[in-house]
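Each protein sequence line maps, in turn, to chains A and B.
When we follow the working numbering, the leftmost residue of the first sequence carries the number -16, and every step to the right adds one.
When we follow the working numbering, the leftmost residue of the second sequence carries the number -16, and every step to the right adds one.
A couple of the hints might just be wrong.
Since the list gives no way to pick one copy over another, a pair counts as held whenever it fits inside one copy or between any two copies.
[What the hints assert, rightly or not] When the alpha-carbon atoms are kept at most 20 Å apart in a straight line, the in silico PhoX-like pairs for lysine-lysine are as follows:
#1 Lys11 x Lys320
#2 Lys11 x Lys373
#3 Lys11 x Lys98
#4 Lys169 x Lys304
#5 Lys346 x Lys369
Treat the hints as calculated values from the structure; they're not laboratory data.
There are 2 protein chains.
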Amino acid sequence: MKVAVMGYGTVGSGVVEVIESHEKVIKKRTDGVALEVKRILDLREFPDDPHASLFTKDFNEILNDGEIEVVAETMGGVNPAYEFTKKLLEAGKSVVSSNKELVAQKGLELLETAKAHGVNYLFEASVGGGIPIIRPMDQCLAANNIEGIAGILNGTTNFILTKMIEDGMTFEDALKLAQDNGYAEKDPTADIEGFDACRKVCILASLAFGKHVYPNQVECEGITKITLEDVAYISSAKGVIKLLGQIKYIDENSIAAFVSPAVVFNGSQLASVNGVFNAILVRGDAVGDVCFYGPGAGKLPTASAVVADMVDAAKHTQRRKIFGWGEGSEDYVIDHKEKITMPFYVRAKAKQSEIQRIFSEVKFLTRYGQPSDEVAFITDEMTENKLRQKLDAINTINIIKVTNY
Amino acid sequence: MKVAVMGYGTVGSGVVEVIESHEKVIKKRTDGVALEVKRILDLREFPDDPHASLFTKDFNEILNDGEIEVVAETMGGVNPAYEFTKKLLEAGKSVVSSNKELVAQKGLELLETAKAHGVNYLFEASVGGGIPIIRPMDQCLAANNIEGIAGILNGTTNFILTKMIEDGMTFEDALKLAQDNGYAEKDPTADIEGFDACRKVCILASLAFGKHVYPNQVECEGITKITLEDVAYISSAKGVIKLLGQIKYIDENSIAAFVSPAVVFNGSQLASVNGVFNAILVRGDAVGDVCFYGPGAGKLPTASAVVADMVDAAKHTQRRKIFGWGEGSEDYVIDHKEKITMPFYVRAKAKQSEIQRIFSEVKFLTRYGQPSDEVAFITDEMTENKLRQKLDAINTINIIKVTNY
């Protein structure tokens, strides 16, 4: 079967590599159908690449090629990936994607376009890189009502937090190291502010509960305010700080979804996920907690997930997979600060006696070198708005959610 | 769609419960097709059960019912589950199963029968209970050459080992507690000798490498020889003992596959899997390590995996899933003791100087209360046969494999 790849960056070049190096195992999974890359779309020049003859700068050479049945979109960004994908689906070609930004923004529309034209739009690689998660959630957990999802969805921030927790590096030094290692971009905003994790939360939430969630519906808090002092206090409570994307089912017409640092206690499967690895914990009403762990990014891991989708599309040329979701609504994602209760970690310039007057019960934490005018504690469960109201007169330094995953 | 359930034990009654309680989410996944239990096969009487009218003791009432398209086999054991399954597949009905013993013994034949009759034989629940593993391996990792698999595949033994490690209970006390909690049978042989894990290793190996592996090809060592002394030594090396099923790819015509206690160092995703939970780590050449964690047994978790397979079968009535494997050979599973090198943990009645004379380099371990005539150490990598040859003149108490997962 002839296929094409759009975008010859890290993932796209990995896709071509995996297709070529894994011909044998791919044919085993397709009952004998090999994938053959016929065209690669990229505006850049790759004169020394062994695939030089396959390159084109003209999208129409892929769109109008009747032989090409499946296209991998590894360009990233919404434009022009959106227009290209839409036209390909309309032309009866299946598209597989690693582009989380596009799926989070336009997934619903593209899934509907695919359905209308009897082809598939698949994007296993858009969440968790090489970790199988989209398909297991859609198929293996089909007999569960999903109650919640919590994921370490961004390897860069998990690397930074791991360095802070395990090696006592400051946030700034850990970020610098992540950049030196190629884990973080020069402009790390999308990672450290949680925007990348946010897109993955949108895709997971849409899939789990059947209604599209858009990035602007999901509140994001990044990790830039986390300090070694917070790490030390939380370590004394046998916990770690992770950047989590969390989704909670409320009822048929509402969910909560947010990205923020969160305290995870040791013993949780999420607590031992270190470095650039990702993990996604899904809580189903029948199965309980299941957790998927693996490399959340990287050339070959992500490429292997894209190629697995191409294999699936190749197996389903005669028949569409039943897979997709519908339109949500503006108030579908509720205000979690007003509605969701949980414990919180608080660090403040205050005396223990002041805190004790405000809260009926808290657990005070200690750290080496703790100043006499600083307190840190974990509260009972309450809403975030209630907490902030209680802390109104207190000089708060940091507040971090405590998760029950 | 009309379905039937054969075997109304823990899992089978769970299947009926999940189908009824999850009608809405099931219809979402099948594009509107509801599952309706028309018949339940069991030789026992359930006069007070709300489904009393559905029971039959006559298998032919299911076999000859043209309305029934999908059957869940949750009987366990090879006979009569094997004959029943075979006849149902031949009659053009899809069968889904939680029966690891049957799949490990007869999976190849039943998959071929299903293929010949254009129906599906699915068994997600046979490995890892509610943990999605069969489908992710078959589909999401389709573009990987799998290099190895290591799994905590039996919850009973993992519960016993966790109690020994965390609470200092003896093996006997921990087994008793497992029996009191209903995690272990009165006759716990299949669990503690590794036979249950062995069946799951067979299924995973068959799926990963495309050739059927039979239980008698997989050497099993149980956990009955593990003592608190071993636990203490290995803890001092920052490790834990787990009962692992391990599979290693050698070449197209051979693999290694064995079940045994193994030292897992902290930091491994397998080290933090405690209690009755299971986890399966898959190492692919493109993706690296991915790990699947969750409840490996239990009524509703296992039932939810069976029902997910029923949903999948219901979605694929017009078309078979490409899924299966071929015949292996007698020498397909190699003698790992002769061919596979790894480090080993050894405990012996001996002096350090004796050990040092035999091994060029070992890492000695210590424990509180260590007798002066006892040593424990971790060796370099070597084959097990080579190790035993070296230890020929030593009074060895225990030898445990050290894993690199």
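Against the structure, the hints come out as follows:
no. : hint            : result
1   : Lys11 x Lys320  : neither (50 Å within a copy, 30 Å between copies)
2   : Lys11 x Lys373  : neither (62 Å within a copy, 43 Å between copies)
3   : Lys11 x Lys98   : between (28 Å within a copy, 15 Å between copies)
4   : Lys169 x Lys304 : neither (39 Å within a copy, 45 Å between copies)
5   : Lys346 x Lys369 : within (18 Å within a copy, 55 Å between copies)
Against the hints set out earlier in the document, violations occur for numbers 1, 2, 4.
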